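Peer 1: Each chain, letter by letter, is given below.
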Amino acid sequence: MENVNALNVGNINPEPKVNYLTNGTTARSWLLTKDHKRIAVLYLLTVSAFFAMGGVYASLIRLELLTPASDLLESGTYNRVFTQHGILMVFFFLIPSIPAILGNFLIPIMIGAKDLAFPRINLLSWYLYMAGGGLTLFALMQGGIDTGWTFYTPYSTTFSNSYVMLVGLGIFINGFSSILTGLNFIVTVHTMRAPGMTWFRLPLFVWAHYATSLVMILGTPVIAITILLMALERLAHVGIFDPAIGGDPILFQHLFWFYSHPAVYIMVLPGMGVISELISNFSRKKIFGYEFIAFSSIAIAVFGFLVWGHHLFVSGQSIYAGLVFSFLSMVVAIPSAIKVFNWTATLYKGQISYDTPMLYGLFYIGLFLIGGLTGLFLGAIGLDVHLTDTYFVVAHFHYVMVGGSVLAYLGGLHYWWSKITGKMYSEFWSKISAMLVFVGFNLTFFPQFILGYMGMPRRYASYPPEFQVLNIFSTAGASILAIGLIMPLIYFTYSIFFGEKAPANPWLLPGLEWRTSSPPPTENFEETPVVYWEAYDFSEESGLDLEDARNKYKVTV
Amino acid sequence: MAHDIHEHEHYHPPGLQHQFDDMGQQAESDSIGMWMFLVQEIMFFGGLFTVYLVFRSKYPMAFAAGSNHLNEWLGMANTLILIVSSLTMALAVHYAQLGKRNLQVILIILTMLFGMAFLGVKAYEYAEKYNDGIVPVTGLNARTPKNIIPLDERYSVNPESLHGNSLPFPGDVVNSPAVPEENDTAHEGGHAEEEYINPRGDFIWKDTSLADKAFAEGYLTDNEKIGYMKNGEINQAMFQDKVRIFFWIYFAMTALHALHMIIGLGIMLWLLWRAYRGAFVPEYYAPVEMAGLYWHFVDIVWIFLFPLLYLLGRHFLHGGGH
Amino acid sequence: MAEYKNTEDHEDHDLSHEHHIVAIPLYLLVFGILVVGTILTSIVARFDLDFIFAGANTLLALLIAFTKMTFVALIFMHVRWSSRLIWLTALAGFFWLAIMFAFTMQDYLTRTPGVFNR
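Protein chains in written order, with the numbering used here: chain U, 857 to 1413; chain B, 1071 to 1392; chain P, 99 to 216.
No wet-lab data here; the hints were simulated from the structure.
Predicted, not measured: the structure shown is a model, and the values here were computed from it.
Hints are not guaranteed to be accurate.
Below, a sample of chain U positions facing chain P; criterion: calculated Cβ distance under 8 angstroms [said to hold, decoys possible]:
{"no.": "1", "residue": "Trp-1005"}
{"no.": "2", "residue": "Ala-1177"}
{"no.": "3", "residue": "Val-1180"}
{"no.": "4", "residue": "Ser-1182"}
Short derived list, chain P residues pointing at chain B, Cβ under 8 angstroms [unchecked claim]:
{"no.": "5", "residue": "Tyr-125"}
{"no.": "6", "residue": "Arg-144"}
{"no.": "7", "residue": "Asp-146"}
{"no.": "8", "residue": "Thr-156"}
{"no.": "9", "residue": "Leu-157"}
{"no.": "10", "residue": "Thr-187"}
{"no.": "11", "residue": "Gly-191"}
Beta carbons are placed, not taken as given, at the ideal position from N, Cα and C, and that holds for glycine.
Generate coordinates for the entire structure from the input sequences, incorporating the hints supplied.
Peer 2: In structure tokens:
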């Protein structure tokens, strides 16, 4: 136990001479790196670029919908714009964002390992991501794709004249990037934990990523084979998805949603992991019902595979199957609800500090609640017949994806920014930005619930004039949201060059990632740490300097 | 536990990577990682098996007709070849565990030879399909299927045993223009105008006898009646579409399997080189073991493909009806 | 100082370190079973078993295939001597495959119009 003192928070290791950022400065040392932290940074840069591109398409959609007529974009172009918005955001931003950036950076540190189990595979998965992304971008430059991000047959196999094959290939390759990341995480969590880091001492962030990785491994290969079949069908026209000669387009939907519904949990679960960290740490209180949150992640991953048919309620699926899928969709809401209840219970009598990450955490709970509950509306088979393919659906999944995933991602990025870069961002500007994101987001998407309920269909460039007022609200909200999202880009960049140097543990928290320097050395810890405290342990057991912590919070609160 | 870690800084076993503390941890990681990879492979093939399941349950007779046309003996030979290669692979792992270099090398070479034999048989089967005009993609079939026994005579139920009107070749053959009813003349090859029996390289399937039999004996399902029948009788063109779906699935599944075999052979080549250099010792033989897991997995896929593709309609040829 | 309590995960590492070396006769036995299974599946496919129940042929063929797979997995792939995690992983693969089959087929098998009217 000789390194216990060294791990004491008030008395952290002296700053290492070389940290992971300064260990090699050539392009080669970055592009061929096997360090999970550097790969995470590579992901951060590229995923952000894709996010920005997806955002540009989103702006185009909102600008077009400012007026009832299709005046800015004609219908064909509009189809391409919303398709490309969907593809970029889903496959190249939401799915890799939290796992590949924050997960990659933090999982080895949080469990006290030197690296992921397979560093070379980790690098390979970034290159696969780049190859898939590159192909997709190439297709976009050639003229894009207009099938909707779901590639529904027979439109994608027979009628579409856009670059379906190229984008399909991009997503196929990108899928393997995701599989390899998941594989790496699972093995790492199983075999690389530091002495004393038992399963129930793992931070919930790690549990969430473990569950996510299960979905990645079990689901992603199915989308790969589905896209492959779709591409072959487009080439050869054999007709397995063509009803005219005995094929079945709904089979495509079954296979597609077998992955793509669990993929929603690939996007949401890591966010839930981030929120568990934020809520507990910024309440300075052990999280309420640790085991329940941990196992609800696994339950979501498992039950998530049983509900895909609720995307097919009006497609011609049998009514019996619809009933089963509808029932199971209600069931999958339970573990999500468990998490929300536990987070709120954690807040109760906590010592809450409203730092920027916590703001995102609190916003997340509210928005995810709305997103989740409207999901129940859509899972109810009768109501769904009315709401299918309206803006209600659009609003619902944006509340889950943006209100859930993106907010958690931003919260996590703020929370660990000091660890990643070793610099502090501006607390003032980041709070302003968080507020703008929250207000802008709600203004954008809440009107869409009403629009959808009134019957405005999605995926059209024009709409009846009576919907215009709410659409103007929505576009106005999108502008605010855009400002809120551009601001972090500025103050984060500013912080890298001019920011205050971050201490190892700016918030005096017990997690392992706060017990190494900011930024960490290449092998994360000077010596393999020995863990003797429970997760989120704010008592003396954790070796935290409580006096120091109290003093800090006297000043900030 | 900390002293454990120090201990290994002095002794560095062969093949230990920096992120691991000891060989045990590394071996365990490799093994879990490989199994996770195999699980994703199961799901990858699983998509195709789902497609198979859906269409077979929809069109059992078309699947039986297509299946009966596959060469059962070649399929069985291939199954046996793969099983032998699995045995040699398992033995290669065994001798890697014991650190016997020469036996490892010999067994890896044997495994590769059997793998290549499998692919050779597969290639021969594909060529047969090409010549028979039953590759499900238009343009990928022989224009002049000479030296080939007419489709109807192979593996089909004897027309005489069926009720009348058993082999309807209606005039409305949709996708296959200019198909003469008698292929025999092509074999003589004397007539220039008959040189191209199948000028576009279409998929052609004329034998509807199984569907006729099922219809006559009353076990055609509702789905099949919708799928095969027009004006109250089995329609050759419609039946042909469904048989084509079978062959499409056959080609997709076997080609994906063959692709895995080819990748496997690539891995074996790398393994052979390393084994030859004596890289694998009793403390470190994980690559042989992992390659073995992969090879056995590919074998398992074939163990299912063989009955599902080659044998599923065989009993209709021998059965006495229902 | 608080005790560092749990050592179980490191015991896991030690267990898996000792790899089981399977005796060659066992491999040959499994090989024999696989060959017999292959021949058997080919022979039974020739008999029309539909008099037992529709699809009996398919079921029997799949049973034989499952048996063969089990032997390959247990002996050739060493699952028999592997940790519980490996068992779980192998089973999970098939469980999820079963989910995909079952939940897709529950649609196709109930699609006949009027299931609820009868």
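Peer 1: Double-check Asp-146(P) for me: the hint is only fine if its C-beta lies closer than 8 angstroms to a C-beta in chain B.
Peer 2: holds (3 angstroms)
Peer 1: Quick one, is the Ser-1182(U) hint okay against chain P at 8 angstroms, beta carbons?
Peer 2: Ser-1182(U) check fails; min Cβ-Cβ to chain P is 13 angstroms, beyond 8 angstroms.
Peer 1: Restraint: Leu-157(P) near chain B, CB-CB cut 8 angstroms. Satisfied or not?
Peer 2: Result: violated, 11 angstroms to nearest chain B Cβ.
Peer 1: Take the shortest C-beta to C-beta distance between Arg-144(P) and chain B; is it under 8 angstroms?
Peer 2: Holds: closest Cβ of chain B sits about 5 angstroms from Arg-144(P), inside 8 angstroms.
Peer 1: Would the hint on Val-1180(U) stand, with a C-beta cut-off of 8 angstroms toward chain P?
Peer 2: holds (6 angstroms)
Peer 1: Can we keep the Tyr-125(P) interface hint, with Cβ of chain B closer than 8 angstroms?
Peer 2: holds (5 angstroms)
Peer 1: Hint Thr-187(P) vs chain B: min CB-CB distance below 8 angstroms?
Peer 2: holds (4 angstroms)
Peer 1: Please verify that hint: Ala-1177(U), Cβ, nearest Cβ of chain P, below 8 angstroms or not.
Peer 2: Check passed: Cβ of Ala-1177(U) comes within 4 angstroms of chain P, closer than 8 angstroms.
Peer 1: Please check whether Thr-156(P) passes as an interface residue: C-beta within 8 angstroms of a C-beta belonging to chain B.
Peer 2: holds (6 angstroms)
Peer 1: Can we keep the Trp-1005(U) interface hint, with Cβ of chain P closer than 8 angstroms?
Peer 2: The hint is violated - Trp-1005(U) has no Cβ within 8 angstroms of chain P, the shortest such distance being about 22 angstroms.
Peer 1: Using the nearest Cβ pair, does Gly-191(P) come within less than 8 angstroms of chain B?
Peer 2: holds (4 angstroms)
The structure shown violates the earlier hints numbered 1, 4, 9.
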